[in-house]
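K.L.:
Now for the letters of each chain:
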Amino acid sequence: MSKLPKPEELIKDVELHKTPVQHWMDTKVEFKPGKFLFAVDPQVMEDLGRPHLGKWQPYEEKWPLPEDWKERILKAIRQRMERFRSFKLFMDICVRCGACADKCHFFLGTGDPKNMPVLRAELIRSIIKGEFSFFGKLFGRFAGARPLTEDVIKEWYYYFYQCTECRRCSVFCPYGIDTAEVTIIMREILHELGIAVDWTMKPVRFSHFIGNHIGLQPHTIKENIEYLLSDIAEITGINIEVPINRKGAEVLFVTPSADFFAEPGIYTFMGYVLLFHHIGLDYTISTYASEGGNFGYFNTLEFAKKLHSKIYEEAKRLKVKWILGGECGHMWRVWHQYHNTWFGPFDYLEVPKSPITGTVFEHAKSHKVVHICEFTADLIAHGKLKLDPSRNDHLIVTFHDSCNTSRAMGIFEEPRFILRHVCNNFVEMPENTIREKTFCCGSGSGVNADEYMEIRMRGGFPRANAVEYVHKTYGVNTLACICAIDRATLSALMRYWVPSVEVAGLHELVGNALIMEGEKERTTDLRYRPLKGYEEGQ
Amino acid sequence: RISSRAEIEVVEHKASPQALIGKRWGMVIDMKKCLEAGEECINNCKAIKACHITHNVPSIPDKKKEIKWIWMDNFIHTFPELEDIRLKEHLKKFPFLLLCNHCDNPPCVRVCPTKATYKRKDGIVMMDFHRCIGCRFCMAGCPYGARSFNWIDPRPYLTSINPEFPSRKAGVVEKCLFCYQRLDEGKLPACVEACPSKALIFGDLGDPNSEIMQILKERFALRRKAELGTQPSVYYLI
Amino acid sequence: MWNDLFVSILALIILILVPLVGVGLLGLDYLFGIVIPYLAFTIFIGGLIYRMIYWAKSPQPFKITTTCGQQKSLPWIKHSRLEAPASTWEVGLRMFFEVFLFRSLFRNLRADLVGKRLVYGSAKWLWLGAILFHLGFFIIIIRHLRFFVHPVPDFITLLDEIDGFFQLTVPTLYVSDILILLGLVFLLLRRLVDAKVNYISYASDYFPLLLIIAIVVSGILMRIFTKVDLYAVKELAYGLVTFKPVLPKAEIGVIFYVHLFLVSSLAVYFPFSKLVHMIGIFFSPTRNLPNDNRMVRHVNPWDYPVKYRTYCEWQEEFRDVLEEAGIPIDDDWCKETQKKA
Amino acid sequence: MLELALRGSKKYWLWLGFLSIFIVIGFAFYIKQLTVGLGITGLSRDVSWGFYIANFTFLVGVAASAVTIVLPYYWHNHKIYGRMTLLGEFLAVSALIMCLLLVIIDLGYPSRVFNVLLYPNPSSILVYDVIVLNGYLLLNLICGWTVLHSYYKGTSSPSWLKPIIFLAIIWAPLIHIVTAFIYQGLPGRHYWLTAIMAPKFLVSAFSSGPAFLIILASILKKVANFDIGERAFQSLAKTVTYFFIAFWAFYLFEVFTAFYSGIPGHKAPILYLFVGFHGHAEWAPFLWTAVILAIVGLVLLLIPKTRKNETTLVLASLAVFFSVYIEKSIGLLVGGFTPNPFEGVTTYTPTFPEVMITLGVWATGFLVLTILYKIVLEVEKRRILIHS
Ligand code: SRM
Ligand code: SRM
Ligand code: HEM
Ligand code: HEM
Ligand code: SF4
Ligand code: SF4
Ligand code: SF4
Ligand code: SF4
Ligand code: SF4
Ligand code: SF4
Ligand code: SF4
Ligand code: SF4
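Protein chains in written order, with the numbering used here: chain A, 1 to 538; chain B, 1001 to 1238; chain C, 2001 to 2341; chain D, 3001 to 3388.
Chain A extracted, bound-state conformation (with noise of 0.2 Å):
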């Protein structure tokens, strides 16, 4: 990270209109410092029983890839375009009409034209069509097929962990052509030669030996939430329990384990407890589903389902009416696009409906899963929560879309209208930035790793330059997100290159307004940072 160049200067060579003379079959990947990940730690694998390359790393010359490495990765592409009818479509349809070229971050941020979506699906496209279509092989690149070689392998590993599944692309495709999609099933391939980044395999061996990502273990969890439930004491004068595998709740809550521990996502859960406490609702937290975070879907698809089975173990043993989640986006996108097909039906959990509103969650009737989100907004539309919007008067504040709520959910008015409801001066971002066009955090997917700094920091800097905008415009200095992996790359982000800028959950602000039965008389925020109208000296 010592290396990384000023904000000024890093961007210089972004050149957005311009592309190299030699063709792209012709550039070979270069492995430098702060562009690449960090290969996988042999002894994770082992412990999961995966297949692994032993000790190397990226930038080595010679990869030490196995006897059969070509036929390993040729079935595999075959056995996932029988599987998978996207990845099939999407390698035959694409018209390289160029509309996603200029949509992904990480082009934005690097102006490496193999990151142009429709080049970054082409490294295995062309590989398709020259290894096993006949007019591919005959007419070669002018047909835009080329040969499995090592180089591309390289290739791979450099791009598709240079696409943080984020699905920009997807929304400007006329095709809807989802170069995530590609990317996931590519980061599968490569898995079956046991290539991996350490950065994401280490939390799956967590998530999937101890529950959650970071090794919290099951003490460690109650003692955390028990020192923030004092700070709420501290802050609020109340005094309030969280219940811990507690059988026989009406709700079991799970939130990314972040939420827990570490900042900013704890002031986000100090949010939940209150919240929960000014309903009255009768819900338990899982020591054992301590994670709703899955880092098992930036690596394959099996891994996502096994780290998410706990969760309705839980949910049985516990015999739980529905699920409520917290705010994290990569969870969300898998609760709501694959745990249905994974884990359904659901015949032991009934249809969710709120105990407060008595709303009935029609649109969860099969899944009966929340979203946090839409728990609250239904609770403040029904006038059930008593709210101080003044009590954020300190913050101007923004929001982010995450990519995976929005673009894999479609989830854009609720957090909205919380937000308004808790907080006075609400400023979005340019048109062009947020809602379906919100750029990633540019770390998200699993590549968050320090090594990547240099990477992590360009593909955000179209997040950041928005960011950057309303904060010099509006004097914006909180920007409110609702995903945990964004909490904790956004704030890295933002030090970098809108340092004065701070994130927060969207709960967190929810804590901060919420005008709590028996309460002292609040001068901090959940931060301990001045209420407007308490700063020093008054």
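Hints were generated in silico from the structure; no laboratory data involved. One or more of the hints may lead you astray.
Part of the chain D face toward chain B, derived, beta carbon under 10 Å [to be verified]:
1. Ser3048
2. Pro3120
3. Leu3186
4. Pro3341
Where is the CB? At the ideal position from N, CA and C, for every residue including glycine.
Once you've looked at the hints, dock chains B, C and D with the ligands against the given chain A.
P.N.:
What follows is chains B, C and D with the ligands alone, placed relative to chain A:
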């Protein structure tokens, strides 16, 4: 010259070998002869009939939509600018045959945006029905009301059809063309030929020896709205 | 880039020369007028069917709709039916807009780096060019039906009249012909001039554009300049579609055979190239699935059970710390699950 | 940016739907006119231009009037017009679209319209009019859209735009002068044959156009919460006042010339329009309405108190607008063709289909205007969006 009027282009045309050739075609109409020919002749003017039958001119009863190439009117309407009361009184009983004047300086040609109305070298102000877009600028430009527009499909109003000459569709302007097609065949205009009293005399104003130049030399003749500078080629004898 | 363009131009020239030589010099009217069109059409239909079966054979394991608008959730929140469809009907609507109006392309933006600031401009030219080309193509195809059906249906005659409304030439030049040419030339120029698009273009991207331009130009030539005997054409075309192929006695003109041969080439090329996007768009899972994952369960046919760490295994490992922290222990559950197993 | 016009409130869509009804009806009648011919109008051999061309002439003025805002803003750096220039330019765009539609509709043979470009007659004013009108449309579209696009992107306008804006400023009076020349060069049409026609057109445009903008701006203030600012209103009001005075002064000069000289041909049209001629006075009530409106408008504009009050200002603007509309459209056309070359009077009254077709064109213009303004407002709104 340029200051006095916008220049117009004069179009050459190819004449057939048997065609009548003139430098500047014109017409003299002797209204006295008509007067002499009597009410009967005036009410059923053979010249008008001949023209309209030859050129497939429809007879549309609605005055507002009517189409006419040659027609009769009285003195006051024909020469509104001649305010002289005694003259009015004197000429009240005269009929006047009206048609396009084939002006030497025709405003209709000047204003036509597509050159659908154009002036031939021999002085005939021509129409190209294919080119006319029906903008009716020429109608606003002509100070003599010589032009008619096909407001509706004229074909149902044809009493007889002359297959030798095209009929028009709705949307184009038309007017007397000095029987260019007959001249090409070496014949005089249909109206001239049809008048039993020879009240219409057709000839070359550019040739000082032509019949009509002789007549004009001898007799006093009127031209409509001469003060506008359009130089009409149709003269009236009274 | 120039290589790719050059190769596609070369390919096109060969395709034009073949009928010129074949019909013009060798007089192989029968081959070019009847055999090749039948063959091409067979390959076209066969190829498309093969494609569809090929795609349909792979299942779509997950419902991965791309949502570009508000999901259907609470009743008082306005649901974006088109951008996050929740029912089949809404999906149909979304597909309609995609197929006929290129809705996603309509969203297109252009990013520019102005100093240190990224700005996003509206960029609808690609959309316009694409619409001109595709809609023009569609209209031309429909209009061409007048050669193949008898009697000519009224709607085609009407389309013909509207399209040929402006009397620019005799016979009238169709407006759609001009527009499609504009669209095609724009798309080609874009490929050549826009650095990014240029970088991702192969010969197989230039070729179809050039081929279609050549088809359109030969058609316009036939209509306006080197007029061909339309009665002979209709005789031939009508014979082809009624499976009673006859070569008209009257001479049609080589240019017609060039047109027909290029069309046949396009038909053959179609199923095996990117042009299958025409069919593919209907199969696209990010667009043709409703965003109703939490309402309706989607089934993955190749789903398989996975091994994960069960509660009991986990409880065993952490029994001590759980007890120490006072978190409830659940042995009943372990017994229950073991019994089941 | 076009997509911004596709999102709007229920009222917005209702308004668009309301306009579309007129467009559809107008279009249906136009199809009828295409099949039957211009016979479905009230036009005749003697009055060969009518309601279509009358509206055309008026709208050319509205289009030209954009310059009364653009010129002070760009040339004299008149900052208070900042939020208005786009409104002016887009008003010109929609007015020109209406003009071009009306010209096409007035043609007997619209399918041959390209003959004007294929065989242009250099001595025909109409050819030049086609060029200047289309040129002005293009200029305004380019200027307006480029400025708006840079607002949208949040950048400053490109430097190549300046010369184009100045060209547009010079071009604006041209469109109206050339349109005046269509009339003013015809021999035998006494009412039109006057050198003051072009200046009169200009001053009428410079009064009715800004008056229309005042009305539009006050509507925008009500329905879209878009305020051009008090000073901009007053600036516009002054423009309207000066030019409106000039307009009626010019008219009176013409009346003086006709009646002092006593030339019958010159008097006749004016007599016909106001008091009757040969027993015909079909349009006198309209012309007198125009006069009354003019007086009302002028009084409201000249009294500082009523000029400064927005309600009375809008009333005054409405009076000015309709006063000019009556005189310049129908008065001008009917006056020009009456009496006819035979000193007779053929009365002209627009028919129902004619009026509906014209309404359809106005509705189309308003539709275009609404959409363009909607985009402007959306872009403006996105520039400032603090929720409080
Ligand atoms: C091409 C040509 C036939 C040929 O084989 O030569 C022709 C072709 C047609 N004429 Fe003509 N006319 C042709 C010479 C004439 C002539 C003779 C001449 O030009 O010397 C006339 C009479 C004089 C004149 O110029 O008007 C003539 C007067 C008409 C008319 C009646 C005028 C009108 O517009 O109403 C029609 C009827 C029509 O337009 O539907 C007509 C109609 C047509 C139609 C639409 C066929 C029809 O009968 O409905 C043909 C399409 C023309 C187009 O431009 O769209 N054609 N037509 C001749 C073209 C000459 C040229 O280019 O100018
Ligand atoms: C469609 C129609 C005009 C219309 O707008 O109504 C028409 C349209 C043309 N005719 Fe015709 N003719 C049309 C009726 C006729 C007729 C019959 C009639 O007058 O009712 C004739 C005379 C009969 C005959 O067989 O001679 C006719 C004799 C011609 C000729 C002269 C052929 C000859 O050798 O005598 C041409 C010139 C040519 O072929 O180059 C011609 C040429 C044309 C052309 C190709 C114009 C040209 O300059 O070459 C027009 C074709 C436009 C197209 O492709 O759509 N058209 N043409 C007429 C069909 C009406 C119908 O009800 O069928
Ligand atoms: C359902 C029908 C179709 C749809 C929805 C469709 C849609 C599209 C879209 C959205 C594009 C991208 C925009 C562009 O680059 O122009 C495109 C490109 C293209 N389409 Fe289609 N298309 C269809 C049918 C066809 C057919 C029938 C053909 C021709 C034979 C065709 C040929 C092409 C070509 C050549 C391109 C690439 C243009 C370029 O190089 O930029 N399409 N199509
Ligand atoms: C991909 C399919 C095709 C395309 C894009 C195409 C395009 C065109 C175009 C643009 C024209 C100019 C006139 C018009 O627009 O109607 C034309 C004319 C013509 N085409 Fe095609 N064409 C296609 C297929 C065919 C086929 C299969 C035939 C065979 C029967 C054919 C026969 C003709 C003929 C005879 C003309 C002259 C029409 C005239 O003079 O009106 N075309 N074509
Ligand atoms: S937008 Fe879609 S079709 Fe176009 S180049 Fe990108 S992936 Fe291919
Ligand atoms: S999914 Fe996101 S990161 Fe990946 S290529 Fe598309 S835009 Fe880029
Ligand atoms: S962390 Fe948030 S912004 Fe980043 S990739 Fe994930 S969802 Fe997108
Ligand atoms: S012109 Fe001839 S026919 Fe006609 S009224 Fe006079 S004399 Fe009779
Ligand atoms: S009389 Fe009228 S139509 Fe005839 S030439 Fe003169 S101006 Fe033209
Ligand atoms: S109506 Fe026809 S002839 Fe008259 S000016 Fe217009 S185009 Fe020319
Ligand atoms: S000269 Fe010919 S066209 Fe003219 S009025 Fe006489 S007959 Fe008719
Ligand atoms: S009355 Fe006067 S202005 Fe009118 S035409 Fe005659 S001289 Fe000219």
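K.L.:
Hint by hint, say whether it matches the structure.
P.N.:
Evaluated hints:
no.	hint	in the structure
1	Ser3048	holds, 4 Å
2	Pro3120	holds, 7 Å
3	Leu3186	holds, 5 Å
4	Pro3341	holds, 4 Å
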